Amino acid sequence: MPARPVLLTVDDDRAVSRAVARDLRRHYGDHYRIVRAESGRDALAVLRELTARGEVTALLLADHRMPGMTGVEFLEQAMDLAPTAKRVLLTAYADTDAAIRAINDVDLDHYLLKPWDPPEELLYPVLDELLAAWSRTARAPFEGITLLGHQWSAETQQLKEFLARNQVPYRHLQGEDAAGIRTAADVTDDATLPALLFPDGAVLRRPTPAQVAQQVGLATTAGSPFYDVVVVGGGPAGLGAAVYAASEGLRTLLVERTATGGQAGQSSRIENYLGFPLGVSGSELAQRARDQAVRFGVELLTAAEVVQVAPNGDGRAVLFADGSQVAAHAVVLATGVSWRLLPAEGAADLTGRGVYYGAAAHEAADCAGQEVHVVGAANSAGQAALHFARFAAKVVVLCRGTDLRHSMSEYLVARIEADPAIEVRTCTQVRAVEGADHLERLVLTDTRTGAEETVPASRLFVFIGASPPTEWLGEAFVRDEHGFLRTGPALLDTEGRPPADWPLSRVPYHLECSVPGVFVAGDVRAESVKRVASAVGEGAMAVTLVHRYLEAN
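Read in UniProt numbering, the sequence shown has 87 at position 87, and its numbers run on one by one without any break.
Hints in this document: simulated from the structure, not taken from any laboratory. Careful, some of the hints might be misleading.
As the list claims (entries may be wrong) - Derived CB-CB ranges, DEER-like: (1) Leu319 - Gly369: 47 to 53 Å; (2) Arg441 - Gln158: 22 to 28 Å; (3) Gln158 - Thr454: 27 to 33 Å; (4) Glu551 - Leu341: 42 to 48 Å; (5) Asp419 - Val307: 41 to 47 Å; (6) Thr449 - Met79: 58 to 64 Å; (7) Asp493 - Ala202: 53 to 59 Å; (8) Asp349 - Arg65: 54 to 60 Å; (9) Arg425 - Gln325: 48 to 54 Å.
Predicted, not measured: the structure shown is a model, and the values here were computed from it. Don't be surprised by glycine CBs; every beta carbon is placed ideally from N, CA and C.
Please model the complete structure; the sequences and the hints are all you need to start from.
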């Protein structure tokens, strides 16, 4: 339930302070929270804490004559912390001149003379009018996390993506909207940004994903030293493996470096997945799978990075970047793939500052009224173009080939061609991206003629293929020329023999890699079908083979 807006009253006379609070509580207590302080400095401290926690202050009622800090001085400083709150000065008759001057000095909304009895005539009518005016423009109280950071900051972008993909409610404030809360939380120095403010008042300055995960209650370290199976990667293949393993009684640990869902979890709409005739967003599908895994007893680690899989007797040891490790009978590698970097001049410098990899759904609302560019011609690019077209003034799809149909499903091509907000430019490559602190221009090359054109741009989303993140695995893991892990039949030579260092008398199982007991599922596997449905199927198949492996050992 959202916190009630606050009415803050300050008076150094304890009897008067209690009387004011009593009258306010009697008339407004059902809809507002009444907070009182007995000095201007105490009131500023209270207001600073309220603002940092994201609570909304609707009214400031301050006595003028107070030692140390007058009511006018308090209201002047309070403007930085609660700029939208209505400001009322409580004065004696002799102080009316000061109150009138304060109307201009601190943008005072009203001044009230002591005594205010009866409040039904002298207090409530005035405050009713002020609070009615405040409520017409007030924002609803926000109970989630507040992210403070510049829009064109790569670190801010990473935090937004981490929070969004882990289904953590947050709001992003910057500029004037963030001024009051930055002052309240003491993050006025830009060097401390980005920062996260939590409802309990905690502040994290330039936090790591692991620090954020711990603060929001996500597990980052394993709860046991041993598991039947450890699944590395939380995309469709990893989630599929975890669900089937746990449902069949295996003690299962799922490790994900960022958030469950993988690349599929970033898809705005998946329309060809069996059982969802109206389509489903990648984030929704990932959340459903995550909930299902938890229901079956899967232990999930977030913001945890596996750096090595090594022999451990008859099983395997899984080592983490923080130095910890767990042991398991078997391991399923489902690490998926990473977006291939755009080979354009300046792209690396502007990543996260106008150049993005994948369709960050949380960026869509910020594209309202803008022209967005999408690079790529596969299904992921098509889904992103259709999604951004709902928000942006125009979406330009940049395709190196002559026709989208060479690499994109027909249903997506047909919808793109029918959408007036989408323009497709074929035979076009991005040669360079330019801008000072963020993307401002693209230099495009016509692949047929070599002609160049410079166009204005603020956001570029890149979908030009992917590469497998397997460089962390040792030499014992056989890969193909692109880095994808070979498994089963792909490990055998022309005479059907396994690699020379294969230690067992049998040949590797279908999804087993060159290290016995380590299975591979999904996009990271060589020759796999790069589709969500096949990834889920391979995850389930890997568990069947894990059972076979355990029975044989």
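Item to complete: Could you see if the CB distance from Leu319 to Gly369 stays within 47 to 53 Å?
Response: holds, 49 Å
Worksheet item: Is 48 to 54 Å right for how far apart the beta carbons of Arg425 and Gln325 are?
Response: holds, 50 Å
Practice prompt. Please test the hint of 27 to 33 Å on the beta carbon pair from Gln158 and Thr454.
Written response: Holds, at about 29 Å.
Worksheet entry | 58 to 64 Å as the expected CB spacing between Met79 and Thr449, which holds or is violated | holds, 60 Å
Practice prompt. Could you see if the CB distance from Arg441 to Gln158 stays within 22 to 28 Å?
Written response: holds, 24 Å
Worksheet item: In this structure, is the beta-carbon distance linking Asp419 and Val307 contained in 41 to 47 Å?
Response: holds, 44 Å
Discussion item. Given the hint of 53 to 59 Å, is the C-beta distance from Asp493 to Ala202 inside that range or not?
Written reply: Holds, at about 58 Å.
Practice prompt. Go ahead and decide if the range 54 to 60 Å is satisfied by the Cβ distance of Asp349 to Arg65.
Written response: Since Asp349 and Arg65 have Cβ atoms about 58 Å apart, the given range 54 to 60 Å holds.
Worksheet item: Between Glu551 and Leu341, is the Cβ distance one that fits in 42 to 48 Å?
Response: holds, 43 Å
Comparing the model with each numbered hint stated earlier shows that all of them hold.
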